[in-house]
Amino acid sequence: MGACSSSAALDALLHNDADQPHYVPPPCQVACPIGTDVASYVGLIWLKDYEGALEAITATNPLSGTCGRVCDAPCEPACRRTSSDGAVTIRGLKRFVMDKLGSTWSPPVQLPTKAKTVAIVGSGPAGLTAAQDIAQAGYHVHLYEAASKPGGVLTWGIPDFRLPAEVVEQDIGHVLTRYPGIKLHLSTPLGEAVSLGDLTAKHDAVLLATGANAGKKLGIPGDDLPSIVDGVTFLARVNGGARPTMPETVLVIGGGDVAMDACRVARRLPGVKKVRVLYRRGPHEIPARKHELHAAVAEGIEIVYNVQPVSVSEGPGGQAILRVQKTKLGDPGPDGRRRPVAIEGQDEDIAAGLIIASVGQKSISRELSRCGLMADDRIETDAETMRTRMAHVYAAGDGAFGPSTIVNAMGQGHRAAYYVIAQLEGIDNPKPYATPNRTRTVPVAQDPLWEKLPAEDPAYIPLGDHPETFSESEANYTEQAAIEQAARCYRCDTETGSADYSVKLRETIFEMVNIAPQTAPRAAITRARLVPREDPFPPEHIANFDDLTFVPANLSRLVIDPYRESCKTRTVLGGEIVMDQALLISGFDDAAEPVQAAVAAGIAAGGGGYVGRKPIAGNIPWLQLLHRGETASADAAAVIGIVDDALFVPPVAHDGQVTGLCLSVGQIAAGIPFALEHKIGIIILDASRAIDKSWPELHSVPNLALISESIELLRAANSEEVLDLVYFGGIRSGTDLAKVLSLGCVSAIAAVAPALAIGGEITADGVVFPPLATAKQRTDAIANYLKAAASEVSMMARCTGKTNIHNLEPEDLRSLNLAAERATKIIMAGYRRAS
Amino acid sequence: MVTIDLATLTVREANEKLREVAALGQDIELLNPDAKHHLGVGLTTPAKVHIRGSAGYFCAGLTHGAQFIVDSNVGWGVGDNMYSGSVVVGGNAGAIAGVAIRGADIVIKGNMGSRAGQVMKAGTLCCGGNASFLAGYMMYGGRIIILGDSGERVGEDMSNGAIFVGGRIQSLGSDAEIGEVTPEEDIEIRDFLAKYNMPFTGTFKKVQGAGKKLRYSGSEPILRPLPYTEFTDQSSYWNRKVQEDIRVKASIGRYRIRGYGAAKPLPHLGDIAIKVNPDRIGIGPDPVKSVNLRTKLGDRHGAKPLELSFPVMIAPMSFGALSRSTKMALAIASRLSDTVENTGEGGMLPQERAEAKQLIFQCLSGRLGWNIQDMQKADAIEIYISQGAKPGLGGQLMAKKVTKELAAIRGIPEGIDLRSPSRHPDIMGADDLVIKVEEFREATGYRIPISVKMGAGRVRDDIKIAYKDGFDFVQLDGMQGSTGAASSEVLEHVGIPTLAALQEALDGLEECGHNGDMPIVLMGGIKDGIDAVKALALGASAVGVGTSALIAGGCIACMQCHVGNCVVGIATQDPEHEKRYETHKQAQAIHRYLETVRWQIAALTQALGYDDFRKLSRDDLVAVTPEAAAMTGLPYDPSYREIEEQILTKVA
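Here the protein sequences come in this chain order: C and Y. The first sequence lines up with residues 1 to 835 when you count with our numbering. The second sequence lines up with residues 1 to 652 when you count with our numbering.
Note that these hints are calculated values from the structure, not bench results. It cannot be assumed that every hint is accurate.
[What the hints assert, rightly or not] Think about it this way: if two alpha-carbon atoms lie no more than 20 Å apart in a straight line, the pair counts; the simulated PhoX-like pairs of lysine-lysine are:
no. : chain 1 : residue 1 : chain 2 : residue 2
1   : Y       : K304      : C       : K568
2   : C       : K452      : Y       : K109
3   : C       : K116      : C       : K216
4   : Y       : K579      : Y       : K289
5   : Y       : K579      : Y       : K400
6   : Y       : K400      : Y       : K377
7   : Y       : K377      : Y       : K304
8   : C       : K114      : C       : K202
9   : C       : K362      : C       : K216
10  : Y       : K264      : C       : K504
11  : C       : K114      : C       : K183
12  : Y       : K304      : C       : K452
From just these sequences and the hints, can you work out the full model?
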């Protein structure tokens, strides 16, 4: 294949996010012929972002209101939840959004920017979709419609109780308002008001979207009797406004959508008493959608299965007599469906006032036949490029490919538009069209009941006393119901919570199940997985706590039961300060008084102490931070000097006060020998370099080397147990604390983490505390945070076989990558390398 | 009465003879027992066995229905896991008398050692003298009668059942309390004592579980996981995931729990490349027919080995963590693909046994669902030391999943928040483990392979113990292994990666001079045949797939296994949710997945130019990250990354 070319307009129609590393188009989206980003709009509904949902819905769908009512919704059977407890009700959710916002939505107007013009014949789903795409690309579109109103099958085929005229008018109105370059020519039938020759002469391209505009006949003796009408003709008449009085009994032959519409229309018209549908296969084979079938039955329509018509004759009083045969299912036919086979000798006659034959549709156009474009009852069209036998003439929709669904016709409209635009832009060899797959990366619904909420279809509205008004037969969701239904979505489109079982990996495993057990697909899937993943630890990776792991006790050590057996957390600093657990809190010097009070009460309940320039409350150990020249407080349990430039011995307010130094990177080489020399009890290793400033952990990263280098200095001085190391910088959890203890510290300090625990929010100005929480909630939050941290540190200790958290040692750790190994000198797990 | 003289027979011969004679309905006396271990172990026919002297460890262990009399003393674990029947010991008993019994009367006329009745489920353990410390430790049911003093910390962490003490209660165990002895209970005790001719006129105090420990107020909020990209972006240390963790813990005051395994990126098999030309894959004759994939596991000591039609088995996953329907689908799929299934913790389902052609029966610390009848139906026995997802932690099953049926099969009370013990009652170290393995071999007549399941810790050391303790094979599980529920901190931060675990195991075996006779089955994040080939080439003999098999059967990787409302009916015991899982459909899906794995292993082996997967070697691999090179000792060759990408682009 030669090189493909493209243009901005074409690329806009090909939007495909499937190449993104964390997205695989979900089955619903893949099943949608127009690639609707279902998962995103469902997710947005749960978030109550209805504008966002509207954008996602309408992005590839100019008939969104219509689709919310009557789309065949191939997405729903494709939904993975179908096999669990029922598909997500995607169509109903679309209607909910469109009913809410469709009438007020006014998309920005876009004027044509290019001179070329395109003629589109037919203003049904295929024609309208193509018109919008081509106008979007900047071209003029002339939309020729044979009827007096636009919409094609939407207007003439589908009755108002399923699709109210206003909904179609609204959809079409949006298209025409948004794209003034689309000129609508009503009552302009092809071959009468305008010829194909005129169009090809006048326009740069022509797209035939004429639809399957005629009903098929039964093809049996008596077919031409006046008491037989085809479904398309019948529906067009009623949808045009007629309300004919019906005979008492009506028979509808067929089992498709038209049959369902026809029987339900007949049921609503005056005079009718009995409507029966005759279908030649069984209830499992009937193609009608389940909810329409249910509605028909609910409206008193009888569905007779396994019968097929043989002939029609005239009976008394203008009645038709239909002779039918019983059938059973035979072998599969060429379409894969099992063929009905007549059971001989069980024929039966049924009398009816009217027979509506709904056994298929076809496309009829003398003009196109005359031009040699027809093959049987379809316009001969290349399914890939939508080209017809005639240059610059394209076709799409049911007229080209036979009766199908609205959304399929729309998909064909998009495809045709793509190749028409390619031609207009002079691109001979465009990239092949593919249905767009786009994601808006919407977060999943955090609904605790998402696994339990049952599928609930939109409510069916019974006929009522005035069926002839054709009032709607399906209700919209309430907001509550819509949100619940949206919560049910699996969100197959989102990245998983596990780097190991990522969304791509999960889909690969699904594919391993679903591919044909043949060489080519198996080889392809195998080759794709041979490509190594991206290096998770590129050279620029900076080691943090997550890059260390604990080695559990197994056979070579005895594990301590983390659920039951006790593990000591008592912590002593500087030989004097006794705490129930090893985590200190800092950072609240400038917080509002209620926040400080809650932190103090939380520390009192959870254990530990406070590190700061100011005390936070009387009864908890306070490690006072001060700079050179400042005065020690008599209330402080310890006085810690922050080393700015020169080292100094911190002052004390009284005997027995523990002293300490706070050292940053670059200060330990001189600071640790100094501390040993001056019998200083505590060293805070400040990875943030700014412990007494506002939330310095937000602007720094953990520094594991600071600990290991300090230990080396102490070891070199043969003084490992002489003073207590306390680490500050990026501590999030008890597990981080456990790692710090294993590396050789006695304690650690957390600031941002408890601030988050108490409800703080990270902003550009640091952590701010919304005034929402009560004092009790805040106190509990700090106490709980500390309790959880204590439970985590002791869980790590017990897994490694320790009954005291201070027995954790470097041997209990392994590095998970080389960055961590370099920073901590903790060896990596695995192969033993020569050091 | 038939006499068996242990002066002339080995224990193995004596036990075989014992079973033979008992099957004929004869009573037996054992002479010269000389405190030998495992006497009578594995006897499942009713018979009277009189041991004239003292017995060693596990006397009458793993038996069903026989009546034993021991004239003198017994070592530890008398009546281990006994189902029904009785043991009457004339003298004293060592530690863990009546451990894990599921019925039966165990009567010690003298004193008994520590931890008597540990994890017992039912039956009566009666001691005429004093008990040592921790009597009734973690018992789930049944009763212990102590006529003398209780020992210290009696009833520690007991879930259910009762301990009746005639003498002094030295101290109550954690989570134990004093209860009221009902008149009915008193009558039943005295009837029991009369039956075994143990006169006692004093009164009893009752010790029972207080049920306060391991109970939490306020449940953890149900939150679907944030995309892992949230916490792997190095530019955002205080990311949304960190914030969520902190806020949840601030509301519940304890560590969080979830399903699945380590979620953070770790060095893994994906960092290794196979030196194969992708163009050669699938171009030869049908690889499945032309490459040998068959292998055996477990004949190191002459047992009947497991026969694998390809070197992949189903990893152990329990009925409990998984629904019955899911267990059935795995069993059926394992049969269709002619490989091996595994019960996991919590007992063997009869239908699972019937559907799986070959089934490994897993023995865990809590001995939940463990019994001699199912042991004898197993094709292999696996002693669980730990698992990759949560080494150090015992199994965890939230109360919601402990249904009536599940409780019955496990032998525990319904609706308890189940946390299995971290250690086996009778395995405190390598030497105990040897004796435990021997007991199992005796109980199953040396017919069945016995393996060990290990999470990945100090694998280099642990594997040497496993080797010396004589296991037939090892199931080694790295930290990428998944679970139904565990502390998320342990999932992320305890254990070493699968890749490192395998390398340490191979190196450790090398160091202790093995002769290649203890195969390693590697598990923990094995996704497909590509991963399998890498593991096999590194030196594993087979691999296990757990999570991937579940995904093949419809799991969507939402990591909410612990909640119990599994949306697809896999990790649930709720019938309304379980019915969403179509067993036969999903069995076929898992089978198709396994067949794709089979094809991939065969096709890659073939593309590398071999006709047998056992010819795969380290020479077929390179490391494409410095970490993978450091962990495995494979050459580091980042250029291979580009080569493969180019070839793939070309093919596409």
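For the pair we were handed, Y:K264 and C:K504, check the Cα-Cα distance against 20 Å. Answer holds: Y:K264 to C:K504 is near 16 Å, not above 20 Å.
Y:K579 paired with Y:K400 [C-alpha distance capped at 20 Å]: 17 Å, holds
Starting from Y:K400, check that the Cα of Y:K377 is at most 20 Å away, please. With a Cα-Cα distance of about 30 Å, the restraint between Y:K400 and Y:K377 is violated, given a limit of 20 Å.
Pair hint Y:K579 and Y:K289, alpha-carbon separation not exceeding 20 Å: 38 Å, violated
Mind checking the alpha carbons of C:K116 and C:K216 for me, to see if they're no more than 20 Å apart? Distance of about 38 Å is beyond 20 Å: violated.
Is the hinted pair Y:K304 and C:K452 satisfied, with a Cα-Cα distance of at most 20 Å? With Cα atoms ~46 Å apart, Y:K304 and C:K452 exceed 20 Å; violated.
Take a quick look at whether C:K452 and Y:K109 sit within 20 Å of each other, Cα to Cα. Violated - the C-alpha atoms of Y:K109 and C:K452 are around 56 Å apart, more than 20 Å.
Checking one constraint from the list: CA of Y:K304 to CA of C:K568, max 20 Å. Satisfied? 48 Å, violated
Can the restraint linking C:K114 and C:K202 be considered satisfied, given a maximum Cα separation of 20 Å? Distance ~16 Å between C:K114 and C:K202 Cα, so the pair holds.
If you draw a straight line from the CA of C:K362 to the CA of C:K216, is it 20 Å or shorter? 7 Å, holds
Next pair to validate is C:K114 with C:K183; report whether the Cα-Cα distance is within 20 Å. 15 Å, holds
20 Å limit on alpha-carbon distance, applied to hinted pair Y:K377 and Y:K304: Roughly 13 Å between the alpha carbons, so the hint for Y:K377 and Y:K304 holds.
Hint violations for this structure: numbers 1, 2, 3, 4, 6, 12, all remaining hints satisfied.
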